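Residue numbers (the working numbering), protein chains in the order written: chain X, 1 to 112; chain E, 1001 to 1111.
Rather than coming from a laboratory, the hints here were simulated on the basis of the structure. Here the structure is a predicted model, which is why all the values come from computation and not from measurement. Take the hints with a grain of salt, since some may be wrong.
[To be verified] Which residues of chain E face chain X? A few of them, derived with a C-beta cut under 8 Å, are:
no., residue
1, 1013
2, 1039
3, 1041
[Stated by the list, open to error] Each computed DMTMM-like pair below joins lysine to aspartate or glutamate, with the alpha-carbon atoms no more than 25 Å apart:
no., chain 1, residue 1, chain 2, residue 2
4, X, 71, E, 1098
5, X, 42, E, 1053
6, E, 1057, X, 2
7, E, 1065, X, 2
8, X, 69, E, 1098
Note that the Cβ used here is the ideal one computed from N, Cα and C, for glycine as well.
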Amino acid sequence: GEQVEQLPSSLIVQEGASVLINCSYTDSASVYFPWYKQEPGKRLQFIIDIRSNMERKQTQRLTLLFDKKTKHLSLHITATQPGDSAIYFCSARSSGSWQLIFGSGTQLTVMP
Amino acid sequence: EAAVTQSPRSKVAVTGGKVTLSCHQTNNHDYMYWYRQDTGHGLRLIHYSYVADSTEKGDIPDGYKASRPSQENFSLILELASLSQTAVYFCASSEGVDTQYFGPGTRLLVL
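With these hints in hand, go ahead and build the complete structure from the sequences.
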């Protein structure tokens, strides 16, 4: 079945820096890729998504890049703030499936 | 954003006891899901449902049952709780098969 891998597992940056979170998946039939943010002790919050017929999507300080050929996604966060500190999860859904498969998450810490 | 609530928010249970986790959503979503999250891992799907009175098995259903008595409510039942079921449990709902909205989680400790 589908497997989703995220790297790195953790990141520590200074406020204002940009970060890149990488995600790879194995099922070539995957068509939808939502990302979630989980602040400490809080629920997962949807932040951005992309479909397999797109290459790039941007919202505010988030840019999501998708490479269907290499089965790879990258989430770029610019001008980071302490409030961006959270675990970021990549997930994938295959065509014809209801199920989201989640990566193990990337712990981002933004130091003031 | 969908309103998904869970109860209880935390629970301590004894090994072999019965545990029921409840989830309620107020946005008329057809799809509901139960996940567990273990420290250092992503979420794994236990059960899901796409219509009232029907549930489906996810990736790790062993030791868990689910119940969907209405569109709004989805319960996860541990008939015989075990130490290995200590985790944080999240409920989620979605209108279609894409964006899922999550509840606040239930922290379960089995002793």
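Quick rundown of the hints versus the structure:
The beta carbon of residue 1013(E) is not positioned within 8 Å of any beta carbon in chain X (closest approach about 20 Å), and the interface hint is therefore violated. A distance limit of 8 Å between C-beta atoms decides the matter here; for residue 1039(E) the minimum to chain X is near 11 Å, and the interface restraint is violated. Hint on residue 1041(E) holds. Least Cβ distance to chain X is approximately 5 Å, under the 8 Å limit. Annotation: proposed proximity of residue 71(X) to residue 1098(E) holds, straight-line Cα distance about 19 Å (limit 25 Å).
At roughly 30 Å between alpha-carbon atoms, residue 42(X) and residue 1053(E) are farther apart than 25 Å, so this suggested pair is violated. For the hint linking residue 1057(E) to residue 2(X), the alpha-carbon distance of about 16 Å falls within 25 Å, and the restraint holds. Using a Cα cut-off of 25 Å, the hinted pair residue 1065(E) and residue 2(X) holds, with the two alpha carbons roughly 24 Å apart. At roughly 22 Å between alpha-carbon atoms, residue 69(X) and residue 1098(E) fall within 25 Å of each other, so this suggested pair holds.
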